[in-house]
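Protein chains in written order, with the working numbering: chain A, 1 to 233; chain B, 1 to 403.
FYI, nobody ran anything at the bench for these hints, they're computed from the structure. Computed from a predicted structure; not experimentally measured. Careful: at least some of the hints might be erroneous.
[As the list claims (entries may be wrong)] Reference listing, derived: stretches of chain A covered by chain B, where coverage requires no fewer than 3 residues with Cβ under 8 Å from a Cβ of chain B:
#1 46 to 58
#2 77 to 90
#3 103 to 113
[Said to hold, decoys possible] Taking lysine-lysine and the DSS-like style, the derived pairs with C-alpha atoms no more than 30 Å apart in a straight line are:
#4 8(A) with 393(B)
#5 8(A) with 390(B)
#6 172(B) with 182(B)
#7 119(A) with 182(B)
#8 139(B) with 167(B)
#9 79(A) with 167(B)
#10 136(A) with 322(B)
Here a beta-carbon is modelled for each residue, glycine too, at the ideal position from N, C-alpha and C.
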Amino acid sequence: MLQMNNIKKIFRTDLVETHALRDFSLQVEEGEFVAVTGPSGSGKTTFLNITGMLETFNSGSYLLDGQDVSQLNDNQRSKLRNEKIGFIFQSFNLIPDLNLYDNVDVPLRYRGFSAKERKRRIENALERVGLSARMKHLPSQLSGGQQQRVAIARALAGEPLFLLADEPTGNLDSLMARQVMQLLEEINQQGTTIIMVTHDAELARRAQRNIHIVDGQVSDYQQLQPVLEVAEA
Amino acid sequence: MFEIRPILSALLRHKSSTFLIILQIAITFAVVVNASSIIKQRIEMMNRESGMPEEHLLTLNVNAFGANYDLENNIRADIELLRKTPGVVDAVAINQVPLTGNGDSGGISATQEQYDNRESIPVGFFMGDSHTLNTLGVKLIEGRDFNEQEVIYTAERPEVKSSIVTKSLADKLYPNGDALGKPVYIGGGEYVTIVGIVKKMSGSWVHSSLFEDSMISPIVSLDRFKRILIRTESPQVTAKLLGEVEGLLIARNSERVVTGVRSLVEHRARAYSGDNAMTIILWSVIILLVAITALGIVGIVSFNVNQRIKQIGTRRALGATKLDILRYFVTENILITSLGLMVGTLLTIGFNVYLVDQYDMPSFNWYLIPVGIIIMLLVGFVSVLMPALKASKVSPAVATQSI
Numbered sequence: 001m002l003q004m005n006n007i008k009k010i011f012r013t014d015l016v017e018t019h020a021l022r023d024f025s026l027q028v029e030e031g032e033f034v035a036v037t038g039p040s041g042s043g044k045t046t047f048l049n050i051t052g053m054l055e056t057f058n059s060g061s062y063l064l065d066g067q068d069v070s071q072l073n074d075n076q077r078s079k080l081r082n083e084k085i086g087f088i089f090q091s092f093n094l095i096p097d098l099n100l101y102d103n104v105d106v107p108l109r110y111r112g113f114s115a116k117e118r119k120r121r122i123e124n125a126l127e128r129v130g131l132s133a134r135m136k137h138l139p140s141q142l143s144g145g146q147q148q149r150v151a152i153a154r155a156l157a158g159e160p161l162f163l164l165a166d167e168p169t170g171n172l173d174s175l176m177a178r179q180v181m182q183l184l185e186e187i188n189q190q191g192t193t194i195i196m197v198t199h200d201a202e203l204a205r206r207a208q209r210n211i212h213i214v215d216g217q218v219s220d221y222q223q224l225q226p227v228l229e230v231a232e233a
Numbered sequence: 001m002f003e004i005r006p007i008l009s010a011l012l013r014h015k016s017s018t019f020l021i022i023l024q025i026a027i028t029f030a031v032v033v034n035a036s037s038i039i040k041q042r043i044e045m046m047n048r049e050s051g052m053p054e055e056h057l058l059t060l061n062v063n064a065f066g067a068n069y070d071l072e073n074n075i076r077a078d079i080e081l082l083r084k085t086p087g088v089v090d091a092v093a094i095n096q097v098p099l100t101g102n103g104d105s106g107g108i109s110a111t112q113e114q115y116d117n118r119e120s121i122p123v124g125f126f127m128g129d130s131h132t133l134n135t136l137g138v139k140l141i142e143g144r145d146f147n148e149q150e151v152i153y154t155a156e157r158p159e160v161k162s163s164i165v166t167k168s169l170a171d172k173l174y175p176n177g178d179a180l181g182k183p184v185y186i187g188g189g190e191y192v193t194i195v196g197i198v199k200k201m202s203g204s205w206v207h208s209s210l211f212e213d214s215m216i217s218p219i220v221s222l223d224r225f226k227r228i229l230i231r232t233e234s235p236q237v238t239a240k241l242l243g244e245v246e247g248l249l250i251a252r253n254s255e256r257v258v259t260g261v262r263s264l265v266e267h268r269a270r271a272y273s274g275d276n277a278m279t280i281i282l283w284s285v286i287i288l289l290v291a292i293t294a295l296g297i298v299g300i301v302s303f304n305v306n307q308r309i310k311q312i313g314t315r316r317a318l319g320a321t322k323l324d325i326l327r328y329f330v331t332e333n334i335l336i337t338s339l340g341l342m343v344g345t346l347l348t349i350g351f352n353v354y355l356v357d358q359y360d361m362p363s364f365n366w367y368l369i370p371v372g373i374i375i376m377l378l379v380g381f382v383s384v385l386m387p388a389l390k391a392s393k394v395s396p397a398v399a400t401q402s403i
């Protein structure tokens, strides 16, 4: 489903050259729940941006559902992003002026669905996250956890190939974080692939597979063990 | 996919800023359309045909001060001298010169009864000899010109029998188009007969309702102050004579002062100087207002773009192309501009009704509204383009940044 081989990403300024990802390789299969962890500055966000086609990379190959991402132009990447990826952001990234219905509608409009089809998908998605009764509410009228559920509904509505979550519980208190995590697990059990970037070891443990990034490279799972143990302790 | 409904609902959540820009567009539109209408009317007025070869005409005043100054002979001699001057087509001693803002006017009517009932038509009275039409260069379309025999040189109120009128006046006096040979009552039970009709001839007062309604009588009034009109063969001769004519007349008789030597082109420029200034001022107002509105749109859209960087990045991450983002801001602006133009249209009509009512101005031509709408939409589009292009360049990676 997702195949990255030897991805290299370098950020250059006049004085410094930063290797954010070095020969990064990863394969994710359909239905998996993968957690990507790593210390600050390890390249997690770069990985997230490249996986989500929000940024380009310098070398290597990235096949998404069989398509070579490096060959796509900006418009094609936007289209592929819209069709294949459901984004969940740390700060929810809901549009404050739009009610829940219209927020979930945003990616569907870019897909070009009919109004009827969009309505069906929006209602289903909001139903799935338990917010169908609050469609006309504004994000500001919801708690953080509810807002993240709306963001999950928005990600689900397009029936993407996988959900790409960036610290999905990072801005939530522990209770809400648990609820959101539970929801993600349910979604995964229903068959949706999830790739979650997090620095939270406890959260990472709940995923089926953990990828640990250190200095822009995938570290061995064994290297991750002490981190998890420390977190557990 | 223009996202009209979500854009509208988002705009409704920012009522005050949206309302202010709508109001600015509406006021600009109302002022621009009404100012354009005034400009158009002024330009039309300034471009009216005078019916005369203005570049070939010059005028001057002769003020006699000599104790035993023989008015009639001096006038005859001056005119004779001028007519013999090389390059001069004709010359005439006249009581008023078109476009100069000075002269005689009064009321006339087709019947004595109308005159007595004060239903007379205001006209400009021109008096000159049988060379008047030729000197003015106006075109006689019906009847005949004056002959030498019917010209009266007098210092008293003369008893004239014939007159020539402009077509505009003839049609007002006799709407059936049969004015030639008909009487014109000039007060005191007197009447003159229309012996000729000229196609077009400007009056003296450019802003007056009698501008195109003039009557010419075959009289040379013997006054110490006399206006003289000269028609030349070319603008070059006119320019030459402007510098020489005073010397020419004083050389013949020095017991007078020659003043106000001006071409008719200069008189025209003076007559319409206020209108010209008004046109320039109104153009400046239009340009300034449109520029302020355009800058206002640039400002508010730039502000909105900067405020919504994260939102734009999120939209891009969720699948919006650069064109989608550009289209979003352009659509938003077109909606705001359209609302402004709807309010503006009502305001324009209201403003015009007020101007017509209070200042007796003619109402504007309806087509100025659609023309104004197109111009304002274009201004809005051009203004929004730069900030919208900037918005379209926001990276989707912004969605994952903490800003």
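Query raised in the report: Among the hints numbered above, which are violated by the structure, and what are their numbers in rising order?
Result: Per hint list: 7, 9 violated.
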